[in-house]
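All chains should be modelled from the sequences, with the hints used to inform the complete structure.
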Amino acid sequence: MKSPALKTSRLILAVLVFVVITLSFIDFRNIIPDKWFTIILYLQFVPSVLNFMNMPALATAGFIFVLGLTLVTGRTYCSVLCPLGICQDIVSRIGGKFRRKFRKFGYGKPYIILRHLILALTLIVMLAGSVFLISLLDPYSIFGRTATYFFQPLVLLVNNLIAAVTSFFDNYVIFKVDFIKIPLAAYILPVLLLVLVTWLSFTRGRLYCNTLCPVGTFLGLISRVSFLRIRIEESHCTHCGLCAANCKASCIDFKNEDVDLSRCVTCFNCISVCPDNAVSYGFKKAAAVKETDEPDQAKRGFIGGMLALLALMPRILKAQDAPIPRKESTVPENRTSPVCPPGGISIDHFNTYCTACSLCVSACPNNVIIPSINEYGFSGIMQPRMDYHKGFCNFECIRCTEVCPSGALLPLVLEAKKLTQIGKVNFIKENCIVETEKTDCGACSEHCPTKAVQMVPYIGNLVIPEVNNEICVGCGACEYACPTKPFKAIFVDGNPVHQDAKKPDEEELKVKELDEFPF
Amino acid sequence: MKRRDFFIKSLGAGVAAGAAFSLGGYNKLWASGTAAATYDLVAVMGAEPDAMFDKGISALGGITNFVRKGQTVVIKPNIGWDRSPEMAANTNPLLIKRIVGHCIRAGADKVYVFDHTCHNWIKAYKNSGIEKAAKDAGAKIVPADTEKYYHEVDVPRASILKTAKVHELILESDVFINVPVLKHHSSTKMTATMKNLMGNVWDRGFWHSNNLHQCIADYATFEKKPTLNIIDCYRVMMRNGPQGVSVSDSVEMKAQIISTDMLAADTAAASMIKMSPEQIDYIPLANKKGIGRMDLENLNIHRIKM
Numbered sequence: 000m001k002s003p004a005l006k007t008s009r010l011i012l013a014v015l016v017f018v019v020i021t022l023s024f025i026d027f028r029n030i031i032p033d034k035w036f037t038i039i040l041y042l043q044f045v046p047s048v049l050n051f052m053n054m055p056a057l058a059t060a061g062f063i064f065v066l067g068l069t070l071v072t073g074r075t076y077c078s079v080l081c082p083l084g085i086c087q088d089i090v091s092r093i094g095g096k097f098r099r100k101f102r103k104f105g106y107g108k109p110y111i112i113l114r115h116l117i118l119a120l121t122l123i124v125m126l127a128g129s130v131f132l133i134s135l136l137d138p139y140s141i142f143g144r145t146a147t148y149f150f151q152p153l154v155l156l157v158n159n160l161i162a163a164v165t166s167f168f169d170n171y172v173i174f175k176v177d178f179i180k181i182p183l184a185a186y187i188l189p190v191l192l193l194v195l196v197t198w199l200s201f202t203r204g205r206l207y208c209n210t211l212c213p214v215g216t217f218l219g220l221i222s223r224v225s226f227l228r229i230r231i232e233e234s235h236c237t238h239c240g241l242c243a244a245n246c247k248a249s250c251i252d253f254k255n256e257d258v259d260l261s262r263c264v265t266c267f268n269c270i271s272v273c274p275d276n277a278v279s280y281g282f283k284k285a286a287a288v289k290e291t292d293e294p295d296q297a298k299r300g301f302i303g304g305m306l307a308l309l310a311l312m313p314r315i316l317k318a319q320d321a322p323i324p325r326k327e328s329t330v331p332e333n334r335t336s337p338v339c340p341p342g343g344i345s346i347d348h349f350n351t352y353c354t355a356c357s358l359c360v361s362a363c364p365n366n367v368i369i370p371s372i373n374e375y376g377f378s379g380i381m382q383p384r385m386d387y388h389k390g391f392c393n394f395e396c397i398r399c400t401e402v403c404p405s406g407a408l409l410p411l412v413l414e415a416k417k418l419t420q421i422g423k424v425n426f427i428k429e430n431c432i433v434e435t436e437k438t439d440c441g442a443c444s445e446h447c448p449t450k451a452v453q454m455v456p457y458i459g460n461l462v463i464p465e466v467n468n469e470i471c472v473g474c475g476a477c478e479y480a481c482p483t484k485p486f487k488a489i490f491v492d493g494n495p496v497h498q499d500a501k502k503p504d505e506e507e508l509k510v511k512e513l514d515e516f517p518f
Numbered sequence: 000m001k002r003r004d005f006f007i008k009s010l011g012a013g014v015a016a017g018a019a020f021s022l023g024g025y026n027k028l029w030a031s032g033t034a035a036a037t038y039d040l041v042a043v044m045g046a047e048p049d050a051m052f053d054k055g056i057s058a059l060g061g062i063t064n065f066v067r068k069g070q071t072v073v074i075k076p077n078i079g080w081d082r083s084p085e086m087a088a089n090t091n092p093l094l095i096k097r098i099v100g101h102c103i104r105a106g107a108d109k110v111y112v113f114d115h116t117c118h119n120w121i122k123a124y125k126n127s128g129i130e131k132a133a134k135d136a137g138a139k140i141v142p143a144d145t146e147k148y149y150h151e152v153d154v155p156r157a158s159i160l161k162t163a164k165v166h167e168l169i170l171e172s173d174v175f176i177n178v179p180v181l182k183h184h185s186s187t188k189m190t191a192t193m194k195n196l197m198g199n200v201w202d203r204g205f206w207h208s209n210n211l212h213q214c215i216a217d218y219a220t221f222e223k224k225p226t227l228n229i230i231d232c233y234r235v236m237m238r239n240g241p242q243g244v245s246v247s248d249s250v251e252m253k254a255q256i257i258s259t260d261m262l263a264a265d266t267a268a269a270s271m272i273k274m275s276p277e278q279i280d281y282i283p284l285a286n287k288k289g290i291g292r293m294d295l296e297n298l299n300i301h302r303i304k305m
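Protein chains in written order, with numbering that gives the first Met the number 0: chain W, 0 to 518; chain B, 0 to 305.
This list has only true hints and no planted wrong ones.
Residues on chain W that point at chain B, a partial pick, calculated with CB under 8 Å: (1) F174; (2) P364; (3) I432; (4) E436; (5) T438; (6) D439; (7) A442; (8) E445; (9) H446; (10) M454; (11) T483; (12) E505; (13) V510; (14) L513; (15) P517; (16) F518.
Derived DSSO-like pairs (lysine-lysine); straight-line CA-CA distance at most 30 Å: (17) W:K511 / B:K304; (18) W:K175 / B:K125; (19) B:K147 / W:K175; (20) W:K180 / B:K164; (21) B:K287 / W:K437; (22) W:K100 / W:K254; (23) B:K164 / W:K484; (24) B:K253 / B:K134; (25) W:K484 / W:K437; (26) B:K125 / B:K253.
None of these hints come from the bench; they were simulated from the model. Beta carbons: idealized from backbone N, C-alpha and C, even for Gly.
Rendered as structure tokens:
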């Protein structure tokens, strides 16, 4: 096949996938139904592999389809399914607008040893039970972090600017949405990778995919022998070198009419640019002549946009509902374990399967899920945890468990989630307002959805918290609501292994029906 | 925003009344509304929330005694929690719908509904059923989750809460209708009219860490008092308040208390959940501040059974 339709279909599919996945990450109003995420992210390679390892089923077997697709068509995954790949194509194209040099690729070194070493290392570390390297390099997760920590805030900024204007006109269809309070240190990794991938693609096309990306290298092992492939017909070829110059993957050695299939991402640009009709995609031979010009659409402001993004990062965020303490609390919260989100089964399980794509972070309507720095240890960097100083887990919500594509957070039905104890409540009486000020407070108990925190009689008319860990689910509402500073008087300590909470008692209320006003 | 809007509208339309109100400040209005009421308190029992409101408000001379043509009205229900209506953690949506309806029929220019929720506001607005009910009746439902909607005001008669950041709709609207749901409350023992006003302010943490009861009584002295208070006692949470753990925490009382006097309404409400008002510290504290009347026996109370 030499039809320009090949490239057109690639473009259409890629744009579709890119838009849908990007929307999934910036959906701050939770418009996309929970259930759709499984479908949208079904074919993402690394999450699917992990999910399958954890729970082998058709529902988690997306990567097998990708393997089949690669065997038949080559690395189509990299061109139309990988959001980071598509993202790089966009960046690369913009790079080409800036400098001619950046759009003339030519045959590049294959870096065979380097890329296979990275793949081997990633696999070894993975087999040793750590997702550290794979989450660092997995293209989907890199894209996810970029979308969560840069795209979503940018969209929120625009949203909030619009909201500021529309609310002036008394219209609240678009409303202000709070930014997620991400610790600054959590930006280090996403920024480094963003800069690296952006620069590589800006100047060198798909160099990331063909050197660092373990998924690219792995699929390259299969695409080497794919049924369908890019071929150069010696009889037609005039060795003009246009194909190689336009090959983002730098995989065409036009002098020898050879295509490095392990690096080819089947973008079909070569077919479109060949004036001699010598490049084709198929089992073997080719025919028919056709020329197409690449559409020349300017994409400006890219560098400006990136700079704006970087400038946006250290956002100064005002605390929501910030309590003002009168006296400082004295006893530190003695947290022995971080709290991992519901559906995580255990910190062990969660750490084993989470690639830190950060979809749960961007999807959480309560902004309680925050990337960790070293709470899980260095290898767990960026794996999300619950931060109850920033928010609390809504009792009626299961969104994070539904969106997770890698099985790090397993789906929980709402009833099960309401009985899953992710941590236990601890009361520090010495910090409590009721104790220190001898005035009523009870913010913790108000916010507790199960009444694991009850107010019981104290001195005089005063009531003071009493905790019952049997029915505590560890949602952190008490901790969030507690107004003491800098240390909370009540906090949730993570359960290394999630446990079952008891259902709160539901005994009948014995209240006589009212037939007269009591006043 | 709305103030500006209101100026433009009232000037443009040349509505004499509207212009007078906007220039003369809101304070006179509250007084005029109060004066029109013949009873100090109306209590209704034995029907659906909307039907009880119809009866109750007509006993007070109809909503037109409180809402005039062209005015902007803000209704402040309790929408604190992401809980379904049968849990009775939030004000009954049917009641809100009917109140909005009355205001619109009285010719209110705009009717707003908001609460500074404790749970995620989008979920709370939606799952309480109030968003839909209010919109269906013609009200505008407004977010209150962002500090920029709140403006600092002085509370001169306060003992502790000397200043507070209050939602702009409370400050700018002509009529403020306070529609709490009666509930047991873990920290303050009961929530009704005065406690519901906590949802008008931004920094509730301050209240909690600085003598909650006194702050509640303090805020009740703020000049923008509710024109009208309607306590929803249709389903009443008797324990595990303010959000409840299960449906079994509440009972059906099928009652409603309407009054311009927050203290009288709360005193009556306390007896509905079998508590003495002295047990609820903010009630005697509010009494000391002269918010209203605690001596129900000396008030003109109209009791309606349906």
